[in-house]
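Work the whole structure out from these sequences, hints included.
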Amino acid sequence: MKKIILTFSILFMYTACETGTKYEQNTTVKKKKLDRSILDLVEDTPSAKELVKKSYIEENQTARIKHKYDPENPLNGDTLVEDNYIEEESPIKEESFMAENIADELNVKSIRVGYHDTYTRLVFDIEKNGAKAKKVGDYNVDYDTQTGIISVTLNGYKNSLAKIPKFSKKSIIEEIYFDKSLNDNTFEFSIKLRDSANVKSYDYKNPARLIIDIKPF
Numbered sequence: 014m015k016k017i018i019l020t021f022s023i024l025f026m027y028t029a030c031e032t033g034t035k036y037e038q039n040t041t042v043k044k045k046k047l048d049r050s051i052l053d054l055v056e057d058t059p060s061a062k063e064l065v066k067k068s069y070i071e072e073n074q075t076a077r078i079k080h081k082y083d084p085e086n087p088l089n090g091d092t093l094v095e096d097n098y099i100e101e102e103s104p105i106k107e108e109s110f111m112a113e114n115i116a117d118e119l120n121v122k123s124i125r126v127g128y129h130d131t132y133t134r135l136v137f138d139i140e141k142n143g144a145k146a147k148k149v150g151d152y153n154v155d156y157d158t159q160t161g162i163i164s165v166t167l168n169g170y171k172n173s174l175a176k177i178p179k180f181s182k183k184s185i186i187e188e189i190y191f192d193k194s195l196n197d198n199t200f201e202f203s204i205k206l207r208d209s210a211n212v213k214s215y216d217y218k219n220p221a222r223l224i225i226d227i228k229p230f
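The sequence shown maps to residues 14 to 230 in this note's numbering.
Errors might be hidden in some of the hints.
Distance ranges between label pairs, derived from CB positions [to be verified]: (1) 144 to 208: 16 to 22 Å; (2) 209 to 147: 32 to 38 Å; (3) 230 to 147: 22 to 28 Å; (4) 155 to 207: 15 to 21 Å; (5) 166 to 142: 18 to 24 Å; (6) 182 to 230: 32 to 38 Å; (7) 142 to 180: 16 to 22 Å; (8) 118 to 160: 30 to 36 Å; (9) 166 to 188: 14 to 20 Å; (10) 125 to 164: 17 to 23 Å.
Please keep in mind that the hints were generated in silico from the structure rather than gathered at the bench. Each residue gets a CB set at the ideal place from its N, CA and C atoms; glycine is no exception.
The structure is reproduced here in structure tokens:
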């Protein structure tokens with residue numbers, strides 16, 4: 014009789030430990046080694062043995078939930094966050110880059126040649142959307158003394174409608190020719206000289222004109 018009373022006292026103590034505890038749905042169940050001495054005190058009945066075994070089952074609350082960590086809102090209960098979890102970053106939308114001068118839509122309307130006593134002047138008339146432009150825009154003029162070629166790069170220009178002039182054999186200028194466009198917004202043209210010369214470039218406003226003065230040595 015004492016054994017039966019002792020057995021039920023132990024069972025009551027262990028089953029009471031299980032009440033009032035709530036676990037996450039995805040908890041991991043971990044069984045500990047059963048103390049055989051307890052079973053020896055219990056009568057040889059299957060139901061009693063199973064009850065003792067059940068009381069020894071220990072729930073390990075280690076459900077791992079992926080979420081963004083917020084230091085101002087600590088986690089509730091014993092739920093743990095995976096250490097190696099990294100929140101997937103949202104893809105960065107690539108912004109389409111457009112240079113300021115793409116909207117210029119400038120073009121060379123005409124090329125004029127002026128012959129003076131000591132120099133030859135080239136005048137490039139610039140227009141925008143079919144009207145006279147106020148400014149020439151972004152350009153670069155580079156003279157290579159080794160090759161005798163003046164390279165002109167125009168940025169923000171849609172195209173060139175200018176008719177290329179022809180030059181006599183007495184002219185310091187041999188020819189003008191357009192090179193392949195670097196992109197849809199930039200193109201180059203070259204001025205081939207017959208002799209070495211001093212080259213000066215500048216521009217005028219209202220209306221826009223690009224000026225290149227060529228003075229032979």
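Taking the hints in turn, this is what the structure says about them:
The hinted range of 16 to 22 Å is not satisfied by residue 144 and residue 208, whose Cβ atoms lie roughly 38 Å apart. Judged by the Cβ atoms, the range 32 to 38 Å given for residue 209 and residue 147 holds: they are separated by roughly 35 Å. Distance hint check: the CB atoms of residue 230 and residue 147 are about 36 Å apart, inconsistent with the given range 22 to 28 Å. The beta-carbon spacing between residue 155 and residue 207, approximately 19 Å, falls within the hinted interval of 15 to 21 Å.
The hinted range of 18 to 24 Å is satisfied by residue 166 and residue 142, whose Cβ atoms lie roughly 22 Å apart. Hint check: residue 182 to residue 230, Cβ distance near 18 Å, so the stated range 32 to 38 Å is violated. Residue 142 and residue 180 have their C-beta atoms about 31 Å apart, which leaves the hinted 16 to 22 Å range violated. The hinted window of 30 to 36 Å between residue 118 and residue 160 holds, with their beta carbons roughly 32 Å apart.
At roughly 18 Å, the beta carbons of residue 166 and residue 188 sit within the given window of 14 to 20 Å. Separation of residue 125 from residue 164 is about 20 Å and conforms to the stated range, judged on CB atoms against 17 to 23 Å.
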